[in-house]
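Student: Chains A and B supply the protein sequences, listed in that same order.
The numbering used here puts the first residue of the first sequence at 1, with every later residue one more than the last.
The numbering used here puts the first residue of the second sequence at 1001, with every later residue one more than the last.
Hints are not guaranteed to be accurate.
Computed list of lysine-lysine pairs in DSS-like fashion (alpha-carbon distance at most 27 Å, straight line) [to be verified]:
1) B:1179 / B:1147
2) A:97 / A:84
3) A:84 / B:1179
4) A:102 / B:1147
5) A:102 / A:90
6) B:1060 / B:1147
7) A:102 / A:92
8) B:1179 / A:125
9) A:89 / A:12
Since the hints were made in silico from the structure, they are not lab data.
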Amino acid sequence: MPDDPARPRPIKHSPRTAEEIVFSHPSEQELARVLDFYGIEWQYEPVTFPLEWDENMVVTEAFAPDFYLVQEELFVELTTLRPKLMRVKKRKLARLKELYPKVNVRLWSRNDFERFLQRFGMSDKSQELVGKDAVRQ
Amino acid sequence: MGWPSENILDDIDSIILNDSEIQTRICELAQEISKDYVNKDPILVGVLTGVVPFMADLLKNLSIPMAVDFIAVSQYNADALSGAVRITKDLGMSIEDRHVLFIEDVIDTGLTMNYLLRTLQVRNPASLSICVLFDRPYRRLIDIPLKYQGFELPDEYVVGYGLDANGYYRNLPFVGTLKDEVLAHWG
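One chain only, chain A, in its complex shape (with noise of 0.2 Å):
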């Protein structure tokens, strides 16, 4: 995490209990499912990255990943936008790099998690898991 007094730092939330998780997705949710069958250990949105800020330090654009894979320090973004509407996520996620170099986040697009559905022998749930939008993107 960055130390620099010229911008905001990241802003970590308390750590939430299953109960307490609201996925903005069912896609989320089933990405927790198989990660609690392998017993991955994961948060759900446990940092929020400012990206631009206000002279006064406000933020006016933030990125919270999804998941943060605690064992491997990785942040996963899981989206299910269409690729023609991945532009400012990816933009985002490119300012998350420049700005914070040492973390370490992976984005699945739609297409990833399709084949992720497909390994495990789950397409047919593809259309009930992908074919939503989310709450919040």
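Following the hints, complete the assembly by docking chain B onto the known chain A.
Tutor: Just chain B now, kept in the frame of chain A:
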């Protein structure tokens, strides 16, 4: 029309890796393993089921004494509301103080191999390494140290040489893509 076809070759659109390329690379891997594990009396552990053709061809090219065993784990099922991965077929021999080399056909997210490494590490092997024929690093969630690696597969749905679509096509001697109409059925 039903799939797979009576002749499964009819379902293939294009070949990504042919038989010769695969066999050549397996010979190279076998030579490396034979050199690295000389005088170590290793146990090669195959992770069922897709590993079967790779394991068979690899064994035929190894020149060192070694033992072979297989292990199988349950797969995530979306219809199961809870549960955890578990070993469904355990090893038949002890690996304590033995050099263990996992043999896998493909590594994708790394979730299964991570579980196996964690599980078998507590049995105190002398060493625990991984040999994978096909690597798919595009959706890796868990960093898995690969000691031996055959090929990096393109990010496409491919079948053959152990890789399946709903359990079929593992017996193809090559790796290929399925025709669109077949992929629409299986994919």
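Student: A separate judgement is required for each hint: does it hold in the structure or not?
Tutor: Right, here's what the structure says about each hint:
Restraint check for residue 1179 of chain B and residue 1147 of chain B: the C-alpha separation of about 34 Å exceeds 27 Å, so the hint is violated. Simply put, residue 97 of chain A and residue 84 of chain A have alpha-carbon atoms about 21 Å apart, close enough for the 27 Å limit, and the pair holds. Distance restraint check for residue 84 of chain A and residue 1179 of chain B: the Cα-Cα separation of roughly 26 Å lies within the 27 Å cut-off, and the hinted pair is therefore satisfied. The hinted pair formed by residue 102 of chain A and residue 1147 of chain B meets the criterion: a straight-line CA distance of about 26 Å does not exceed 27 Å.
A C-alpha spacing of about 18 Å is found between residue 102 of chain A and residue 90 of chain A, which places the hinted pair at or below 27 Å, so the restraint holds. In summary, the hint linking residue 1060 of chain B to residue 1147 of chain B is supported, as the alpha carbons are separated by about 20 Å, within the 27 Å threshold. As the CA atoms of residue 102 of chain A and residue 92 of chain A are separated by approximately 16 Å, the hinted pair is consistent with the 27 Å bound. Simply put, residue 1179 of chain B and residue 125 of chain A have alpha-carbon atoms about 22 Å apart, close enough for the 27 Å limit, and the pair holds.
Distance restraint check for residue 89 of chain A and residue 12 of chain A: the Cα-Cα separation of roughly 21 Å lies within the 27 Å cut-off, and the hinted pair is therefore satisfied.
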